[in-house]
Amino acid sequence: MNATLHDSEAMTARERSAEFGKRAVPYLLVIPGLLFVLGVLGYAVAGGFVLSLNETDMFLNKTFVGLKNYIAIFHNPRFQSSLWRTLAFVVLSIGLGISMSMMFALTLYHVGFGRRFFRGLSLVPYFVSGIAAAVMFRFIFTTSGGFVNYILTTFGMEGPSWLGNPVLAFTVSILANAWFMVPFATLILLGGLQTVDKDIYEAAKLDGSSGLHTFRRITLPLIKPMMGVSLIWVSYISFSTFDIILALTAGGPGRATELISVYMYQIAFLELDFGQGSVLMVMLLTFNTLLSLVYLRFFVYGDRRYKVVS
Amino acid sequence: MSTPLVELHELRKSFGPLEVLHGIELAIEQHAFVVLVGPSGCGKSTLLRMIAGLESVTSGTIVMDGRVVNRVPAKDRGIAMVFQSYALYPHMTVRENLSFSLEMAKTPRDVKQERIESAAGILYLDALLERFPAQLSGGQRQRVAMGRALVREPELFLFDEPLSNLDAKLRVEMRAEIKALHQRLRSTTIYVTHDQVEAMTMADLVVVMNDGRIEQLGPPLELYDRPATVFVADFLGSPAMNLIAGTVAESEAGPVIDAGDDLTLPLSPGSAVRPGAEVVYGLRPEHLRIGDGPAGLAATVSLVEPAGFETHLHADVGGQVVRVISTERLDAVPGDSIALVPDTARVHLFDSRTGARL
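Note that the protein sequences, when read in sequence, are chains A and B. Just so we're aligned: the first sequence equals residues 0 to 309 in numbering that gives the first Met the number 0. Just so we're aligned: the second sequence equals residues 0 to 357 in numbering that gives the first Met the number 0.
Careful, some of the hints might be misleading.
Said to hold, decoys possible - Going by beta-carbon spacing under 10 angstroms, a handful of chain A positions derived as facing chain B:
id	residue
1	Gln193
2	Asp196
3	Lys197
4	Tyr200
5	Ala203
6	Lys204
7	Asp206
8	Gly207
9	His212
10	Leu221
11	Lys223
12	Asp242
13	Leu245
As the list claims (entries may be wrong) - Straight-line distance between alpha carbons at most 27 angstroms, and here's what the computed DSS-like set of lysine-lysine pairs gives:
id	chain 1	residue 1	chain 2	residue 2
14	B	Lys168	B	Lys111
15	B	Lys74	A	Lys204
16	A	Lys204	B	Lys105
17	B	Lys168	B	Lys74
18	A	Lys204	B	Lys168
19	A	Lys21	A	Lys61
20	A	Lys67	B	Lys105
21	B	Lys105	B	Lys74
22	B	Lys111	A	Lys204
23	A	Lys223	A	Lys204
What the hints assert, rightly or not - Here are the simulated distance ranges between beta carbons:
id	chain 1	residue 1	chain 2	residue 2	range
24	B	Asp166	A	Lys197	47 to 53 angstroms
25	B	Gln29	A	Gln193	20 to 26 angstroms
26	A	Leu120	B	Ala306	55 to 61 angstroms
27	A	Val134	B	Pro72	29 to 35 angstroms
28	A	Leu105	B	Pro72	18 to 24 angstroms
29	A	Leu174	B	Asp210	53 to 59 angstroms
30	A	Leu174	B	Ser39	27 to 33 angstroms
None of these hints come from the bench; they were simulated from the model. Note that CB positions come from ideal geometry on N, CA and C, so glycine has one too.
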């Protein structure tokens with residue numbers, strides 16, 4: 000072999016550093032965003048955790064009290080009932096939210112005529128702020144002059160006091176919450192459905208699988224990762240929902256819709272007990288994180304048997 | 000002759016205002032290996048999907064085993080299909096992929112076991128049964144797709160371009176495997192491809208389709224030797240047949256083709272053609288010999304493609320590019336002057352207006 004030719008073929012130091020630079024660019028571009036998120040979120044979370052271990056007066060002077068705030072909260076019956084209420088709210092919201100999202104996603108998947116229009120339309124609720132959604136639901140469910148009761152009246156029925164009855168108010172809150180979070184979950188599931196090769200459905204059809212059976216045995220397992228992601232979304236929104244409840248019922252009637260997030264707001268900003276409020280923040284964070292990990296484990300990473308190939 | 004397994008009568012298919020199949024007539028005998036071949040968009044896949052029951056029938060009838068099946072659901076037609084994309088269930092093992100249809104049919108466990116084992120044996124899948132599709136090579140996935148069809152013991156196998164996703168070497172191997180499998184099992188097969196080599200090598204009956212119509216059907220060599228139209232002549236064979244337009248003229252030695260630019264193409268003396276007729280002169284590349292002396296058509300070599308066993312040559316003859324196949328090693332280089340001698344007995348003549356064989 001010709002030595003000079005060989006030398007000239009090797010990479011120069013300059014070329015090597017250019018190569019390295021090219022690979023480093025994406026990371027460099029991510030850094031500002033990463034710092035921003037860490038700064039805002041990290042500071043809030045760390046600060047909240049510190050606050051939860053302190054007693055704070057109205058001048059924000061802190062006294063370290065260890066787990067005192069935690070113990071006080073856990074023994075508070077108001078907290079206990081709001082915890083159970085929140086769990087019920089989350090479980091029902093997930094059930095309703097995921098089944099609605101799945102139904103919408105399947106429908107949109109099969110829509111042929113006006114496909115783009117309907118897909119766009121279905122996203123609209125997501126662009127409406129929580130407060131606005133709540134106000135809308137108030138209009139719909141207000142006892143006198145509300146849309147639902149107006150309809151009931153035209154049929155000669157007297158509508159109930161939707162937001163005045165504890166059970167009904169709780170139900171309407173779940174509906175409003177679902178209305179807000181379903182579009183995005185639908186979008187995720189629709190994306191999942193679109194990754195499945197259509198031939199697979201035809202193969203299943205030839206194999207004699209009925210529609211429902213195909214859904215259970217083929218579709219669901221194949222969109223498992225997207226199902227996991229939309230579960231994370233739906234659970235997170237339901238655990239943390241605050242604006243919708245505040246504007247719709249403000250936790251009432253009585254405490255019928257006082258979820259942990261609403262309770263947290265009241266304790267921290269109305270009763271000005273930042274320590275106990277922070278305890279609730281830490282709890283919400285822990286719930287959300289643990290639940291997300293569970294979903295990731297079972298839906299996204301849990302099943303390594305296959306790669307979903309588009 | 001027994002009654003055909005599949006009969007298509009006046010079969011038409013429209014997507015909206017667009018008719019893609021214009022009245023297909025076809026009868027497929029028991030045990031036959033039928034290949035539907037044609038360029039993309041000719042309707043061959045649509046036709047297959049209609050037979051499968053995956054596409055509705057606009058008009059006409061599909062008869063299977065003497066029974067009109069136009070409205071019979073796909074699963075009840077006694078067919079199995081192998082897809083181009085294989086369409087394996089990615090979240091199921093090979094075994095589960097094979098057993099899915101049997102589960103649907105509520106096949107008893109021992110029968111199921113037996114069928115899976117037998118299919119796995121035939122297709123060399125024994126060692127792969129517990130693997131997932133993502134862990135298999137393209138060829139292995141192809142086999143699983145065939146296995147999935149096999150376990151159903153269908154009356155009719157449908158293949159939709161099953162080899163298109165494989166590399167060239169594997170494609171040739173699988174081609175032979177599918178043909179061997181058919182010779183062994185004798186199951187009636189309809190196979191769709193755009194690859195004329197697959198059509199020629201595998202079929203008992205080749206159906207050449209073009210623009211939603213059957214252009215010609217028959218045994219492969221019959222189509223190769225006596226193409227009914229210019230389209231079939233051009234489509235079958237690689238490199239393709241040389242097709243030169245010209246007019247029939249008289250000479251002392253009998254009729255010839257005047258192709259303009261002082262290019263005169265010889266015909267065999269007995270050719271019954273009407274002088275003055277506009278024709279397309281067709282001659283396969285292997286029926287042009289490179290002459291030793293000056294006798295023949297004067298040509299200039301423009302491209303040489305050594306393919307090992309044979310050499311493909313492109314030559315310029317009176318302004319026309321002509322393809323020649325020689326089984327000899329040639330030392331020709333572009334620019335060389337050669338003489339080409341046509342085998343006049345093998346000349347195909349087509350009406351230049353209708354494209355039909357004369």
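Hint numbers the structure violates, sorted upward?
1, 12, 13, 14, 17, 18, 19, 20, 24, 25, 27, 30
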